[in-house]
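> Okay, here's what each chain looks like letter by letter:
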Amino acid sequence: MELLKLIGVLIVIIGFVLKKDTIATVVIAGVVTGLVAGMPFIDILNTLGKSFISQRTATLFVLTLPVIGICERYGLKDKAVDLIKKTKRATSGRIISLYLAVRALAAAFSLRLGGHPQFVRPLINPMAQAAYIAKHGQADEKTEDTIKGYSAAGENFGNFFAQNCFMGASGTLLIVSTLNEQGYPINALQIAMMSIPIAVIAVLVGIGHNYLLDRHLDQHAKKGGK
Amino acid sequence: MTRNVAIAEFFYCIIALIFLLVGIKALRDKSHPKRISTTAFWFILAFTFSVGPYLPHWITGVCVLAIAALTAANRVVQSASDVPEAEVTRKHADTLGYKVFIPALCLAIVAVLAATFLPFGANNAIGISAAVALIVAYLITKAPARSAVVDGTRLMDNVGPVGILPQLLAALGALFTAAGVGTVIAKGVSAIIPDGSRLIAVAVYCIGMALFTIIMGNGFAAFSVITVGIGIPFLIMQGANPVVVGALGLTAGYCGTLLTPMAANFNIMPAALLETKDKYVIIKSQARVAFVMLLVHIILMYILAF
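If you read the protein sequences in the order shown, they are chains A and B. Position 2, counted from 1, in the first sequence is what our numbering calls 1; the numbers after and before it change by one each time, with no gaps. When you read off a place in the second sequence, starting at 1, and then add 204, the result is the number in our numbering.
The shape of chain B in the complex, shown without the other chains (with noise of 0.2 Å):
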């Protein structure tokens, strides 16, 4: 194991210690109406996350479809937290200050002075940042020593089992890949796309991805179907820059998420929290926006990319 790899293995252990107080705490709460599946699916997440790497790899596939087998049957809940009164919040953050923004700051300039300055990688360098924003949290707020996993177990039972999608995702986009889904999409494509108009495979691709989206109401699900299946065979495989594709391609399928109902956390759930006559107020708003901002995306990608 090189140095990188182990201190990558480091990091993942204490996220796997997060998920493992996360299942925890909902052992700890006997109110908790599914007590047993909440904390079995945190301690196997966390399992995979540190022996995992260790073990045959069929082990953590049969994990996955535990997992999955306890959010299909909606067995996985949020436990009770300690959320702070807004009055305790309001009194703190007259005694710090605008001094309460610091850490937060660190957590992204850290990220990026170790990945830049530092030998150990730029997926270390996020961790890195994790630990110096932590000790700075701790110096500026005086918080006891319990805060980080009482408010971090908080924010991840917040963020729920969703928080593993991205991850998933990615390894949905290996198996169409071992599958060949790729190359079928990309047979498909082909048609459209006339050889060498690197322009029009742009388009397709930016556009693919926004329609994708707004049929499916999630730009991550859009990105592993869409850039396996035609980014990567039409633009980065005919010479773009990789980095471009990906950062430009996941944000051209926003564009879609500003445009579909589907998308309802965003754009539905807001309208009825603000008691609009229209429903789709939100999505009228935004539509002269995403139009625009699919057509800057081609463009950028464009002239970036190659």
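Extracted from the complex, chain A is given alone in its bound form (with noise of 0.2 Å):
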């Protein structure tokens, strides 16, 4: 009956496919497997209650909020934009290329630029559709499509792969508490100095990515595909 335990898992997997709400499910699947296990109730909320406890840090990011908050009142964002608006010799991939470095630079500070309702959609699919249009006319639909397409990938690799170098990310706490719920003594800012190597190489790989994407597009311009 072994495998028995691992309804959890399946609780977790079904959940989150069917959009349940994810608090709920996660309690829920954590309580099944106790009860599976044959842990008496009580001692399922003790442990439920006592690693709630100790794993607070993981919230720890909360402190945060106010002062991004005031920020973002004072035009935390009105001067992101600002910054990305000055590209010179703009290209498709270029103004992605350079959001994707500021983006991941600012996940990396702990600043919620708000991704893709208030960059990607106003300012940096536009621009790079203009940039397209500057070099080789009116784009066809396919085309138009792939530029969104990278567009709101930039925004995604850069949100992604920098964040955790923030000590005081939901992801790098979560990381922290895992492993320290699970008997390994790490800390906030070893996990922040460790995510920066893969957080440098997420920001090349994307440019290379951006970089293939100009050669695409100016090829596919050339065969005459408008």
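Below, computed lysine to aspartate or glutamate pairings styled on EDC-like, alpha-carbon distance capped at 16 Å:
hint: 1; chain 1: B; residue 1: 481; chain 2: A; residue 2: 140
hint: 2; chain 1: A; residue 1: 84; chain 2: B; residue 2: 298
hint: 3; chain 1: B; residue 1: 234; chain 2: B; residue 2: 286
hint: 4; chain 1: A; residue 1: 78; chain 2: B; residue 2: 291
hint: 5; chain 1: B; residue 1: 481; chain 2: A; residue 2: 143
Calculated from the structure, these hints are not laboratory results.
Take the two lone chains, each set in its own frame, and fit them into one complex as the hints suggest.
In structure tokens:
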């Protein structure tokens, strides 16, 4: 009956796949796993409560919210827009690459740039589309879609791979609390530092990817595929 | 209680205060459709953060069940916030210029400095940096005193109940370990990993993280399962550096996030927002990078961890 213990994993998968409430899914998975393993209910409550208290570290990011909220009110996002608009000799790929680098740096310094709704749609995608039109003339539907896809991808690359470089990021704190709970005494500074190499590599890989986009767009336009 | 624990408890009380204020904001929003239950959610959370450690643990356990019941019933909703208008932020941006980045930079830099040079521990360093950055923010923006409350609760409400997900997932990992889930997964996986093959163990862990993230659409959830089941028994207990395994493990999962429609808010919703003809165009644009990055993770973890 060993395999029955995996029911909690199954519940997590089903809950997330079916988009059920994430908090309830996780709590139910924990309780059911405990019951299946034959833990008395009071022990389950005790384990749940004890680890919830000791894992409060994972929620330390809340302390940074007032600062970020004030900076937003005083024009943080507006200045980020100004910075990106300064692009010289713009091509679609270069604009997306610049945004990727700015986005990664911002993520590493815990700035929440708001991503797709606040940057990609109103700024990055229109600029990348305009750069294509300036160089090759009107784009066909498929090319337009491709540029949109790469613009959104730039946001995701920068955001995902650089965010753990900040000590107070929720991902960083999740790693710390999970490993501490399992008996490995590591801290947030170590995880943040160890996250730097992959962040740098992600930006470089993303820039290469956007360089290939520019080449692809050039060839596509040459073949007359407007 | 040692000095560092006392400082940590102080910061947890500040977090509890922020939760309490979000609850009060909901309570005062008379037009809020789920006013009482939303207030209850934030108050219960504040209770566990502040006095939880001094009570029998099962009481906190009951509180966790209660907040799960509230979110499951969809009873926790954002209340009205004082959101700054676009003209207001633009006007401030023009007066302040790039100085507005300074408080945010302080958050990251002071945290690293405090963790390195002060004897209060890395977790407390985050609280210290938040306090320093807040003072710097006030000096630079000359914002009214209530801004920290107004804007802090606005963002916290915006993040919403999902903000405690990492904490719950770490707790879930603890329950999984107590129940022996890790051992079961480890037994299954040991069939694939030949004895002592570090490279294959690294590959299985990274690919496992990516695959589980593809299925669940959430790297955090994958991390607690796969790290307990594969990362610890096959890497860390074989001598791999836990810092490397943890840091690269989560981002290996993010390679999966780039590939899955399950991560709708990153891959599908933005496509709708950009009005693309092909709703999978973002995933297609990311696929090449996702595979390259996964390979990089395996190589980097193999080199750095042993």
